[in-house]
Structures are given as C-alpha cells and as structure tokens.
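Chemist: Residue numbers (our numbering), protein chains in the order written: chain A, 88 to 635; chain B, 1224 to 1494.
Calculated directly from the structure, the hints in this document are not laboratory data. Model, not experiment: these values are computed from the prediction. A virtual CB, placed ideally from N, CA and C, is assigned to each residue, including glycine. Honestly, I wouldn't trust all of these hints.
[As the list claims (entries may be wrong)] Stretches of chain B that chain A covers, calculated by requiring three or more beta carbons in the stretch to come under 8 Å of a beta carbon on chain A: (1) 1276-1285; (2) 1310-1319; (3) 1335-1345.
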Amino acid sequence: MTTSIRGGQFTAIADLRLRMFLNSLRSKRGKMELASRLLITLVFVVGGIGGFTVATGFAWYFVSQNNAEYMALLLWPIFFFWQLFPVMSTAFTNNPDSADLLRFPLTYRSYFLIRLAYGFFDPASALGTVALTGILLGTTIARPLLFPWALLVLFTFALFNLVLMQTVFTWLERWLAQRRTREIMAVLFILAMFSFQLIGPLIGRFGRTPHPQLRRTIQVGTQVQAVLPPGLAANAIAQTSHAQFLVGFTALLFLGALTLGIAALLHLRLRAQFRGENLSEAAARPALAQVQVLQMGWNLPGLPPSVTAVYEKEMRYIARSGPMLLTLFMPILMLLIFRLGPMNSLRHSSLLSRTPDMAFPGAAAYAILVLTNLVFNSFGGDGGGIQFFYASPVSFRQIVLAKNMAHGSILIANTAFAWIAASYLYGAPHLAVSVATLAGLLFATPLNFTAGNLLSIYAPKKRDFSTFGRQNASQTTVLASFGMQILIVGSGVAVFTIARLYGNLWIATLLFLALAAITIPLYLFVLCRLDHIALQRRETLVAELCRA
Amino acid sequence: MDLAPTICTQALTRRFGELIAVDGIDLRVAPGQFFGFLGPNGAGKSTTIKMLTGLLAPSSGRIEILGLDLNAHPMEVKRQIGVVPEGMALFGRLTGAEFLSFAGRMYGLDGMTAAKRAAELLEFMQLADQPKKLVTDYSHGMQKKLALAAAVIHGPKVLFLDEPFEGVDAIAAGTLKSMLQGMIARGATIFLTSHVLDIVERLCSHVAIIHQGRLVAQGSLEELRAGVEALKPAGSADASRVSGEKLTLEELFLRIVGGTHRAEQELSWLG
C-alpha cells in the first residue's frame, strides 16, 4: 500500500473523529456533554499544571544538586499513574473500538499505529506526557547541555508507557473475554491488591527496630528498580550527567529493548485481532447438547411478576459481569487496605486509629460509591433491550423500582459485610454509630437513586458489563455523579462532626432521619414522574442504547 | 358484515424537524389479516411500526389497536400485542430460557406458565439444544427466532414484526413462517414489514405500500393488481408477459413506487 493511501486513511480517520464530535453537538445532550467534558478537562488541566510544576521543580533540584538518579522518584509515580489510571477509571478514557476499522483495507502497520494514536489521546497519556515535559524543562534549566539526551530518554520512556498501556489493555481484554480466564484474573487481581497492602505491615514490622534484612531488602530494591523502566530512564540521564556516557547509553538501550519487547507482546494481540480473532465465549466451549430443565423464574412474595422479572434480570446481569462483581467487593477490600496498609489502626497517626468507629460509616459510604456505574446509568447494560421495556405493558416506574431494588440489595449485602468486616478488623462499632450509619443510608440511598434514575434517562450510555475498559460513560453523568458523591459524603461528615461536637452520636441518627424525611418523598415523587419522563425521552433513550 | 379494524390509524404523521417521515396515513387492518407493509428504504415503514407499537410518539394523528386508543390506553394495548422491533430488543446477558421467562412475566404470566411456555417455544424454535448459551452468543437467525418467541409468549392478538426475515436462513425462515401461519389460523392479526417481497406475497393476504411517507396503495393483492391494471393505458400490453399471467408483488411494487434500473447507464466504472 502506498504512503499516499496510508496518509489518506489516517486523514479519513482523524476526519471521522472530528465529524463524530461535531455531529454530536447537534443535540442538546451533545452540548451538555461538551460542557461536562470541558469541566472535566479543566480538572485535568489543573492536575496537569500541578504535575508539570512539581516535576519541573524537583527535576531542576535533583540535576542541579548532581543527584539526577533521584529522578526515579518522579518517574515511578508517573509510570504507575500512566498504567493504573486508565484501568481504574475507564469512565474518562475515550477509545472507540478500533477493531471496527478492520473492515477497511488497512495495512497491519496502519492498524498498529492507529491503536497507539488512540492511546496517546487518553488523559493518562496526556498528563504523563505533560509531567515528563516538566522533567525535561527542569533538567534543561539545570543543565542546558543535557537537553537533547534527556529529550531522547524521556521520549523513549513515554513511548514505553504508551505501548505498555495498550498492551495491558489488549491482553486484559483477551483474558476477561472468557469466563474461565476472567475468574483466574479476578483472583489474581484480588491477590495482587492484598499483596500490595502487605507492604505496609511488613515495613511496620521490620521498621520498628533496625533490621539488617530490611537494609538488605532496600539495597536489593534499589538495584532492582534501576533495571526497570523508570529506573533505567533516570539512570540514563543521571549517568550522562556524571559523564558516564557508556553506562547512560546502555541504560537507554535497555529501555529501548524493553519497549520493543512490550511492543512485540502488543503486536501478538493486535495481529490476532487484525486476523479476525473472535473472543466470544461460545467459541471457547464445545457445542455439546445439554439437557434443558424447566427454567422457573424467581418469586419474590408481595411483588408483581414484572418487578420480580426485572429484579432477577438485573441480578443475573451483575452476577455475569466479572468487572462489575470485582467493583462490588471493593468496600470490604478497602477496609482490609485500611487495616493492613500504611494507614492501619496499629499506627497511632492513622485516621482510623483515632476514630475506629468511623470504619463502618466509611465503608458504607464507599458501598454507595461503588454502585455509581450501575445506578447512574441503569439502562446502559440493557442495550437494545430498552425497546422491550417500551413495548411491554409495564410502567417505567416498576422497571426502575426493580432496578433500584437490585442495587439496594447489593448495597444491603455490602453494608452487612462491611459491618462484619469492620467488627472483625476494628472491633464492633458502637450501637449509636451503627444506627446512625443505617439512618445515613436511609438519607443517602434515595438521594443517590433519585439522581441516578434521572440521569439514567436523561444521559444514557450503552455499556457492555462483560467487557473491560474502552467504554466511556456520559460525561454529564460522570460530573453529576461526582457532585452527588461529594454532597452525600460531605453531608455525612458534617452530620457526624455535629454529633461529635455535642458528644452524642445519637444526634447523628436524628439528623440523618430528618434528612431522610426529605429524600424519601423526593425519591417517590421522581419515581412517580418517571413514566412521563421516560415517554418524553424514549427516542433519545432508544437511539442511544440501540446503537450498534 | 364489516368487522371493526384491529389496527386503524387516522392521519398518522411523524415529523423529524423539517422531514415528514410519515405523512397523514390512514391504515385499516381487519381482524385475522396477515398484513404486509411495504415500501422502499426510508419510506417510513419502521417509523410507522414504531408508532403503532408505542416505541415512537406520533407528531399528530390517532392510532387505534383492537378498538383502543393507543395514546389513552397504552398498557391495555401493549398487553394484547407482541412486537419484534428493528433491533430485536433482546437482553444479551441472559440465556434463551431466562429471557423468555422474563418476557412472559413482563406480560403478566405467572412464573410457572412463563417457564412452561418458554420451554415449549425453545423446543419449537429449535433453540433448546444449549440452554446455558447466552443470547449474545446466538447467531443472528437464532436471535430472530428468540425475539419472535418472546413476542408471542403471552399469546398476543396482534403481532407486529419489523423485518422478521432479514438475515435469516431458509430453515429458520421456514420455522418462523409455520409459526406465523399457525397464529393466523387461530385468529391472530399479523402486521409485518419486509423487503423480501416473495415471502410477503406467499404469506400476506393484504398489503399496504408506503412511499415517501405517504400511503400509495392498500388492499388485498387482487385489489392492488386490479388497480394497477386499471391505470395501464388501453392496448399497452407487456410484451414479456404471457396473456392472463398475474403480476407478481415485485412487479406491482415497482410499478406503484416507480422504481427504475439505472445501474446500466450509470456507474460505468463498476466491475
């Protein structure tokens, strides 16, 4: 394929993205999305400026003090941020499925480059690049002659991060596509989270008394980090600044080789995609005839069959979504993190050591937070099924109520587990705290559900709960849900603070109940209006969720 | 005796901004009819069927299904109709049996009845082989069959089908046809849109043709043929047609909507 054709294809894809963006502005919702995106971008810009300033200052200080090796202290956080942020907050990533482009006569090389280009426009990449630019600036101010070399090293480091991020995403997608590998990945992820948290207690244990093994471990750790990408990049600049050109060059060479190695792994995945790989679960299982048994639906006493049916459907969807299940376990995991991690209650300076009673309310608040994806885009996972809801003789009030019941069940289960975990890890919370927390949930849950129900209808976004990443939520929803969480957590903190000021935690219960007396009727009022709102919004809802 | 129509629209109109997608159509579908709703791409077929099933609000006009005003009594109407819309309206992360059981209960069946009917329908549609397979992993034809099964699980009096045979192989199409003919034999009314005119001709007793948002023909196939023949100038016999041979639905359709074959004169660079 000639270069001009390839150039034409890249231009066409760039034009496509621009057109999609411009066309999205035709609707009111599109304009709201743009406004929300601008606000979120503003937050990122502030973060970027902060990162840039810190990176510039520290890089200048390290290089001017002839301690450029310490640059690793800057490069490691950048590395972690670049790799973990896209995985942890897929809501902000904006990578359309580039596999859709495969129908066109793209060469593999073009496909590879397009995937990298998509990765470059990820906020993590943008912020990482800004921070690296800060390091470059700081280094250049301190030692202007280092500029070309630092530029080359930092560029290679940026390329490494970019390639690694895409590699992690494509391989995770591959592993999470099938149930068996998904389960293995979930276990590995949880184990990894645990093992990270063991670092704190281990340091705590060995750090209390001078321990020769600890010093040895730190020495080994320093040596090991030096041969890992951030350490290599720091070393490449540092050694050159000390006129150790060969060592510096070797470090860069290693970094380049690692980048190529990771790129080869990415190549394996993208090549398979390019050849038309199918990640469907059906392909992984032999098509053996199975015996059919009568599939009785669930039966919840006192509820209409339609509400029970939607409730059952919601619970089955959640149970079949690996990533979603993982998220729902997070409150308990967070308690363990607080207990075992650097902020554990054994340390006198930790927050929870001073206020162990706050472990349960904190976990309960987090239990509400992890439901955000489900509550604020409750029709997102239904896709084309939304037409079924509109065609069926069931009111939207009932459908949404059933969805809220499913979300509420998860919240109740998570709260119960959180209470047990908090009791086990920190001692049973005081009765007044437990009751106040439950009263707090009575206030916060209806408020959260009210906002979530409205946003689910006003700013829906099709979402596949079975896939990992590459799905950006509606920016309006991201912003609104963020605001709602701040309001709920802020109210909770304020109420508990007032109760503590008066030295009586039962006051918190009373205040929460008073607030619940406002939010419960508000929830019911909005629920009753949902039929009307859903009818008004049916075209937008159907168009958005039935999108191919 | 002239029976009250099962489906009746009066001046049904739908605008999208400046565009009038459906322009004041008056449909009459009698009970027990197998009714084909035809038209070229973009003529307004899907918009009409969406309005008839409550998926889209009309800009103006009135819709009556089984004598009930759809706007005033949407729930009563929906309880008595079945719908297979354009996107099939499936829930991909359920198994076929779970989805049908869900659909049955949404239409007011109790759990046991829904489960029994779901099993029967899966068996009839030849979808019972892999009960643990998720709908998202079904082939297109299997999904069409499942969507139809979900639309009939509550025994609707009226069935609306938007392109039910699109992307369906001959075997699956045969299963769908036999089910639909069975329903007609038991007195149901079926309203379908399709581009496969051959199938419409074999299945439907009555058709309506929509073109540029307007209803340009409506009636039984014989009535349509008679209408087209009457419009033909005297003595203008079709040389390619044996005397007395009936016009096919495709020929009727092309004559009514005025289709032309331009590819021979244009796009000379093709092939």
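Chemist: Each hint: holds or not?
Modeler: Tested hints:
no.: 1; hint: 1276-1285; verdict: holds (count 5)
no.: 2; hint: 1310-1319; verdict: holds (count 9)
no.: 3; hint: 1335-1345; verdict: holds (count 7)
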